[in-house]
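Novice: Protein chains in written order, with this note's numbering: chain Z, 1 to 290; chain A, 1 to 290; chain H, 1 to 290; chain S, 1 to 290.
Any given hint could be a false lead.
Computed footprint of chain A on chain H; a stretch qualifies when at least three of its residues, placed anywhere within it, have a C-beta under 8 Å from a C-beta of chain A [claimed, not checked]:
no.: 1; segment: 120-134
no.: 2; segment: 167-180
Short, incomplete list of chain A residues facing chain Z, as computed with Cβ under 10 Å [said to hold, decoys possible]:
no.: 3; residue: 9
no.: 4; residue: 11
no.: 5; residue: 55
no.: 6; residue: 68
no.: 7; residue: 111
no.: 8; residue: 113
no.: 9; residue: 120
no.: 10; residue: 151
no.: 11; residue: 203
no.: 12; residue: 243
no.: 13; residue: 251
no.: 14; residue: 276
No wet-lab data here; the hints were simulated from the structure.
Ideal placement from N, C-alpha and C gives every residue a C-beta, glycine not left out.
4 protein chains.
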Amino acid sequence: MAMIRLQLKIELEYTVLEPGADFFFCIHAANTPGQTVSHEFLTVSQTQAYWETQYRSQNLGERCLRLEALPGHLLVSYQATVDICHHVTDPALVAEVPVRQLPLDVLHYIYPSRYCQSDRLYNFAVSQFGHLLQGHVRAQAICDWVESHVSYRHNSSVGTTSALDTLIERVGVCRDFAHLMIALCRAVNLPARFVTGTNYGSSPHLSPPDFHAYVEVYLGHRWYLFDPSGTAIPMGMMRLATGRDAADVAFATIFGSVMSEQPRVEVHAIEDRAHGWEHPTHTSMALSTS
Amino acid sequence: MAMIRLQLKIELEYTVLEPGADFFFCIHAANTPGQTVSHEFLTVSQTQAYWETQYRSQNLGERCLRLEALPGHLLVSYQATVDICHHVTDPALVAEVPVRQLPLDVLHYIYPSRYCQSDRLYNFAVSQFGHLLQGHVRAQAICDWVESHVSYRHNSSVGTTSALDTLIERVGVCRDFAHLMIALCRAVNLPARFVTGTNYGSSPHLSPPDFHAYVEVYLGHRWYLFDPSGTAIPMGMMRLATGRDAADVAFATIFGSVMSEQPRVEVHAIEDRAHGWEHPTHTSMALSTS
Amino acid sequence: MAMIRLQLKIELEYTVLEPGADFFFCIHAANTPGQTVSHEFLTVSQTQAYWETQYRSQNLGERCLRLEALPGHLLVSYQATVDICHHVTDPALVAEVPVRQLPLDVLHYIYPSRYCQSDRLYNFAVSQFGHLLQGHVRAQAICDWVESHVSYRHNSSVGTTSALDTLIERVGVCRDFAHLMIALCRAVNLPARFVTGTNYGSSPHLSPPDFHAYVEVYLGHRWYLFDPSGTAIPMGMMRLATGRDAADVAFATIFGSVMSEQPRVEVHAIEDRAHGWEHPTHTSMALSTS
Amino acid sequence: MAMIRLQLKIELEYTVLEPGADFFFCIHAANTPGQTVSHEFLTVSQTQAYWETQYRSQNLGERCLRLEALPGHLLVSYQATVDICHHVTDPALVAEVPVRQLPLDVLHYIYPSRYCQSDRLYNFAVSQFGHLLQGHVRAQAICDWVESHVSYRHNSSVGTTSALDTLIERVGVCRDFAHLMIALCRAVNLPARFVTGTNYGSSPHLSPPDFHAYVEVYLGHRWYLFDPSGTAIPMGMMRLATGRDAADVAFATIFGSVMSEQPRVEVHAIEDRAHGWEHPTHTSMALSTS
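Bound-form chain Z, shown alone (with noise of 0.2 Å):
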């Protein structure tokens, strides 16, 4: 087991051009058993905008926040703290679940979606990962062969760039890299969702706090965390919803004429020993939060 505290703060700030503006956020930490949730504030600067907060998946602890805005400058800040308590496992001990006993909610993640084509991949990935050792072992395999052969890059893709593109291509950003390891599992039967969350700055330069995309592959009954773009140190990522991939889970979907700015994202990691909250590092143990 290994705890972390993670201080968060997410500002989105907007144009709203014209009347009439859905918001769709997804800026809510997910709030389960293995990460918990406390001292929440959400605040919305247009105060006669009609916003809710709902259960995406209340499984999941996942929450969406719908809002119809006005004209005019928006700001939506969100801030929490948020406790995750990784379950740590040696990768050897961890076995994949044979098809026929995934649970029927799991087994959906091994079919093909909009930007995970594992239908055209079975090839491929049977003859590159077909014969390696069953388990997180493989798993791991795949998130080190697509880290190891796609370069990132900054806005070397777009919102349709799909696995099959970074496969040709071979550059991305983490959204793809994720996209890519998420395909090739499920072409060898592992079901792999895509995380959204953020990414607690490892280092300031390279990677400073941000949103972030990530996978997770069902292993021994639990859903394991992977981040095949190795921009990120796992133990440090706060999930705020899963889905198949990209289309499911973008932080924001925008319906109207909306400016948006970059967003602002900060988290920071409460070291304290006392409370037995550790400093997120890397780790060859395997960690899953649910």
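Dock chains A, H and S against chain Z, hints included.
Specialist: Leaving out everything else, chains A, H and S in the frame of chain Z:
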């Protein structure tokens, strides 16, 4: 209201070549207030095979049959009597639901999926359908456009064919018509889902009873039926399962080394005016069963 | 016959970062019976660079400038006076050439190419344009369809964008309009080629002088000009080179580590009635220079 | 030097369903200094059909048979004796030609084409093959990579399948292997072209005589032979025509309503030591016929 009684029989035949074949079948009629199932029988020829039926969605009355088969011959046979009660409305009275009023579990049916890449079709869909009167008539216009711009040809597509391929190549089977209609609906913010079901066999030669793929669009807080391939009489279509696209709702998903025979589907419509059971006929009215 | 005299100036500026940069430029005006070049000057700022001009096609009067540059600043400047003599015909009198009568060196312009995948557009092209009256009017109908169904937007496409992408996304720049028109022409067996040239700048704000991409279609044993983007006055377009698509005729192909400035293009039309030089104007007549 | 004598017979059989069918055949053996043709016979069963043979490229000795057929049965039969004189070199001695020294008519074989989208493969090709020793060995490494990473399966591809599809799906026929090898070569600036020819039938069961697709790469100012599908003995391959990819060099291009039989190809290698004619054998030497 229109009431239809259907007698359904599905026979699936396989030769399992190696131990350890897993099947996930989606051949049970959905059991909902609008489509009630009675006198259901399932038989599996392998007496030693393990199988069980689970709800894949309790809300939608959709079931999944999991089966672990032994090597050798396998016959799975399902029979049911299904009563469908169509909600029948004047399409001119069925309005669209503004995005802001969509329930969260409906909202994700406007997102792109594996075979319905609506994210690349915004410009086209808006220029073609954006100016139309909103409501059921707009969904119908999309349905009609797809039917009249795509040609039906047996075996003209493969499992990986997507809505974009169909838009380019203008040829397909019912699955492809459905994917293209769904993608175009989502591109104008109409929630649309893929239905796998049966076509009761309106004409013995042109459209014998068979599995069928069609579309439901969320309008006026109901899901309305559309058949963009134009090969069925919608009133006689019966629902097995729904999903974002064909990736979610194959009638059979098979893991293992298996040879498949052509599935056999029989559907009869029981006309009995005394009980109120009509014969399925083409109608210009809007139909919904959920 | 319409005669146009253009004064052309092209300036390309680079910073070569490492030794060993090779450039292939396509910036010489094509020199043909229909487009004659006089008073041509080429200057290369690096006095020690090796360069030579070769014919890339003697038949088509197309030239290629090869240049091996040294590290540092590089300015390539080309000036020419170009007299274009348009063959002007009533489009109603220009027939298509049956495939069997196409010269072999024209025949390959009905085959698909990198960015003009006509092989996937047969059904669409035939259903949309197959029934039209054959001849220049059909090519014009394709040109008009592309212009009216695609939106011009700066920076909306990248180097790998193809006709299929443009057909799906309905947005592009002149290159994309040209690719889509070419693909559709070939799909109905009309030989079509890509032209890279200049747009003389019909209006200072909307279309300043610039490199331009347009289309020639083989009709009545000539190549006729079309501007599917609708951004130029065809009578003022000047040809640098032709090819199957943009893969063949980039104005600059660069091997090595080089930073590029925005190219500067100046084109002036010299009106001089005494010499017979007209001002380029829009016309409903069919134009050809070869 | 290795000399091979081949006896070639090609029979193509069609049923022309409507008047006005045009055929462009590419079934004449190329006639070059390295591959000389003697005793050539062409017979066309329709005595009233118009046909003629033209050079599609005089330089390359490539011919095209144009034929206008009448409705009914059509048999086109071609026989020839072909002497192939292979230039045989130690591959370690064959260097690459720097881009700056490429002849202009070779240069365009580094550009992307319909089925060889090298423009999307730079990162992959450079990371996989960029660091290798330059020369014939690098082209051979690309050839070997394609052969070992793609599986040969009959009917696994269609006419629109491209190198990108093959890279993703890892399965194909000889045409697909050739396209992928070509695309990867071009991505590292190696000029590569597609050859349509015959495979002399090294083993009666695995590879009977048939049309074959293979690759030539420009190295050391010659075009060297490669067979990425690994299904032929390169010394026994005979060239019909070359092009950028399969779009250029189909053995038959048909305009009109026609039913085709399976083509029949017979090739015999004449071994006659007295004349210097060897039996084609596998060799580790580099082979070129042009």
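Novice: Hints first: check each against the structure and report whether it holds.
Specialist: Hint-by-hint comparison with the structure:
With a threshold of 8 Å between beta carbons, the proposed coverage of the segment 120-134 of chain H by chain A holds, since 5 of its residues qualify and at least three are required. Under a criterion of three residues with beta carbons nearer than 8 Å to beta carbons of chain A, the stated coverage of the segment 167-180 of chain H is upheld, 5 such residues being counted. Annotation: residue 9/A was flagged as interfacial toward chain Z, and the flag is violated, the nearest CB pair being 25 Å apart, outside 10 Å. Against a cut-off of 10 Å between C-beta atoms, the interface hint on residue 11/A is violated, since the closest Cβ of chain Z lies about 23 Å away.
The interface hint given for residue 55/A holds, since its Cβ lies 8 Å from the closest Cβ of chain Z, which is under the 10 Å cut-off. About 6 Å separates the beta-carbon of residue 68/A from the nearest beta-carbon of chain Z, less than 10 Å, and the hint is met. A hinted interface residue such as residue 111/A counts as satisfied when its beta carbon comes closer than 10 Å to some beta carbon of chain Z; here the least separation is about 5 Å, so the hint holds. With its C-beta approaching chain Z no nearer than about 5 Å, residue 113/A sits inside the 10 Å limit, and its interface hint holds.
Look at residue 120/A: its Cβ gets to within about 6 Å of chain Z, closer than 10 Å, so that hint holds up. Violation of the interface hint for residue 151/A is found here, the shortest Cβ-Cβ separation to chain Z being roughly 24 Å, above the 10 Å cut-off. A distance limit of 10 Å between C-beta atoms decides the matter here; for residue 203/A the minimum to chain Z is near 33 Å, and the interface restraint is violated. Of the supplied interface hints, the one on residue 243/A holds, with its beta-carbon coming within about 8 Å of a beta-carbon of chain Z, less than 10 Å.
A distance limit of 10 Å between C-beta atoms decides the matter here; for residue 251/A the minimum to chain Z is near 14 Å, and the interface restraint is violated. Using the Cβ-Cβ criterion of 10 Å, the hint placing residue 276/A at the interface with chain Z is not satisfied: the shortest such distance is roughly 36 Å.
In the structure shown, a violation is registered for the earlier hints numbered 3, 4, 10, 11, 13, 14, in ascending order.
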